[in-house]
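Could you build the full structure based on these sequences and the hints that come with them?
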Amino acid sequence: MDKLKSTISNDFHSSKMSESDFKVLSEFIYKEYGIKMPPSKKILLESRLQKRLKANHIDTFKEYCEYVFSEKGNETEIVHMIDVVSTNKTDFFRELAHFEYMNEVLLPSFTSQNSNEIKIWSSACSSGEEPYTIAMVMSEYNLQHSPINFHILGTDISSAVLHKAENAIYAEDRIKEIPHSILRKYFLKSKDLTKPTVRVVSEIRKKVAFCRLNLMADNYPISESFDIIFCRNVLIYFDRITQEKVIGKLCEKLKPNGTFFLGHSESLLGMDLPLKNIKPTIFKKI
Amino acid sequence: MELLKWTDDYSVGIVIIDYQHKRLVMLINKLYDSMLEGKTMESITEIFEGLEDYIKNHFETEESFFKEFNYEDMKTHIKEHKVFVDQISQLKKDYLSGKNTVSVELLDFLKNWLSEHILGSDKKYISCFKENGVI
Numbered sequence: 474m475d476k477l478k479s480t481i482s483n484d485f486h487s488s489k490m491s492e493s494d495f496k497v498l499s500e501f502i503y504k505e506y507g508i509k510m511p512p513s514k515k516i517l518l519e520s521r522l523q524k525r526l527k528a529n530h531i532d533t534f535k536e537y538c539e540y541v542f543s544e545k546g547n548e549t550e551i552v553h554m555i556d557v558v559s560t561n562k563t564d565f566f567r568e569l570a571h572f573e574y575m576n577e578v579l580l581p582s583f584t585s586q587n588s589n590e591i592k593i594w595s596s597a598c599s600s601g602e603e604p605y606t607i608a609m610v611m612s613e614y615n616l617q618h619s620p621i622n623f624h625i626l627g628t629d630i631s632s633a634v635l636h637k638a639e640n641a642i643y644a645e646d647r648i649k650e651i652p653h654s655i656l657r658k659y660f661l662k663s664k665d666l667t668k669p670t671v672r673v674v675s676e677i678r679k680k681v682a683f684c685r686l687n688l689m690a691d692n693y694p695i696s697e698s699f700d701i702i703f704c705r706n707v708l709i710y711f712d713r714i715t716q717e718k719v720i721g722k723l724c725e726k727l728k729p730n731g732t733f734f735l736g737h738s739e740s741l742l743g744m745d746l747p748l749k750n751i752k753p754t755i756f757k758k759i
Numbered sequence: 081m082e083l084l085k086w087t088d089d090y091s092v093g094i095v096i097i098d099y100q101h102k103r104l105v106m107l108i109n110k111l112y113d114s115m116l117e118g119k120t121m122e123s124i125t126e127i128f129e130g131l132e133d134y135i136k137n138h139f140e141t142e143e144s145f146f147k148e149f150n151y152e153d154m155k156t157h158i159k160e161h162k163v164f165v166d167q168i169s170q171l172k173k174d175y176l177s178g179k180n181t182v183s184v185e186l187l188d189f190l191k192n193w194l195s196e197h198i199l200g201s202d203k204k205y206i207s208c209f210k211e212n213g214v215i
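Order-wise, the sequence lines are chains A and B. Our numbering puts the first residue of the first sequence at 474, with every later residue one more than the last. Our numbering puts the first residue of the second sequence at 81, with every later residue one more than the last.
Quick caveat, the hints were computed from the structure, so don't treat them as lab data. Note that beta-carbon positions come from the ideal geometry of N, C-alpha and C, so glycine has one too. Since no wrong hints were added, every one of them can be taken at face value.
Taking lysine to aspartate or glutamate pairs in the EDC-like style, the calculated list, with each CA pair at most 16 Å apart, reads:
#1 Lys-504/A with Asp-133/B
#2 Lys-210/B with Glu-536/A
#3 Lys-504/A with Glu-143/B
#4 Lys-172/B with Glu-132/B
#5 Lys-592/A with Glu-725/A
#6 Lys-749/A with Glu-129/B
#7 Lys-545/A with Asp-98/B
Residues from chain A shown here face chain B by an in silico Cβ test under 8 Å; the list is partial:
#8 Ser-491
#9 Ser-493
#10 Lys-496
#11 Val-497
#12 Phe-501
#13 Lys-504
#14 Lys-535
#15 Cys-538
#16 Glu-539
#17 Phe-542
#18 Leu-742
#19 Gly-743
#20 Asp-745
Structural data, given as structure tokens:
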């Protein structure tokens with residue numbers, strides 16, 4: 474009985490985060506990863522980090538803070554902490570500013586240079602929302618300008634998500650934020666009302682090729698070079714040395730003057746890379 | 081090669097501040113390496129700007145703690161930060177206008193400032209931070 478009580482109490486036990494521990498963690502998460510953690514998010518942070526305490530067999534947030542900032546924690550725990558803290562959503566039209574920049578600056582510059590072909594790589598494409606969004610942006614642009622032929626490659630380390638990407642079937646709640654004009658043109662609703670899903674139309678699906686790729690691999694089996702590379706919300710999974718290595722390798726596949734998009738909470742600060750910052754999270758290859 | 085080597089003497093015993101100080105040491109060493117390797121002006125400028133940004137970030141962290149805990153030496157410390165930020169900004173302007181190169185003197189200035197500031201002014205706030213429960 475006592476054993477059972479203790480198991481139950483352990484399962485329901487959750488550590489409390491002091492104000493000063495919150496201050497340290499929130500300051501760190503914001504300054505290093507750009508994820509804002511105002512005091513109103515204390516409960517959210519406290520609850521999300523409970524599983525990290527449990528995974529590390531740590532009882533208090535004080536000990537957890539000490540661990541995160543220790544040499545071992547620096548190497549292994551920060552990635553998990555940021556993973557838990559960031560929402561990791563891969564919505565359509567996520568971080569809209571990048572697609573606006575494509576539409577308003579990049580594509581017109583292609584048109585003015587009479588370029589009629591563009592190659593784009595979504596390097597950590599997950600279940601396909603990003604490359605399909607890019608294809609929709611390109612199609613919309615082509616409706617109003619002299620068309621640019623486009624090729625999009627989507628890669629990810631996980632075969633399971635790539636399978637989902639190829640199928641291009643999504644739950645209806647994933648498309649809530651998409652404007653109606655886009656929805657009508659590029660998504661088909663399922664007939665089964667009990668399972669409301671949508672599927673990206675074949676005209677968009679066939680513009681994207683998917684293949685499995687581990688960004689940490691020594692060699693990328695991709696022979697072509699790209700005009701635009703998206704590498705968003707993936708760096709948080711790597712330590713800084715690996716981040717620099719991965720971005721350096723992606724840059725080798727970026728054409729001179731090509732554009733590199735980074736996630737809103739990521740930074741290339743202090744890294745030695747052939748990239749010039751144009752706008753926040755937008756870079757040009759130099 | 082390392083211009084500045086982190087040792088435990090530099091530790092203020094506040095985890096987030098030590099983390100940021102270590103990053104500053106790393107960035108100063110990176111600037112030093114890029115100079116030794118004869119990197120392009122563009123590349124050095126980017127590292128310089130990265131260092132400048134991180135210094136500002138770090139000062140903001142310290143200052144937000146000062147304000148929260150109403151640290152008694154806050155005014156003097158923030159003034160030191162301001163003087164340093166102005167100096168860095170001037171050094172960057174000089175570098176960009178070609179008046180100055182990233183020289184050993186400049187790096188010595190950064191190195192000395194960081195060591196003296198950590199070992200002097202920063203160590204003074206340890207007790208205040210600890211009293212307020214910061215680890």
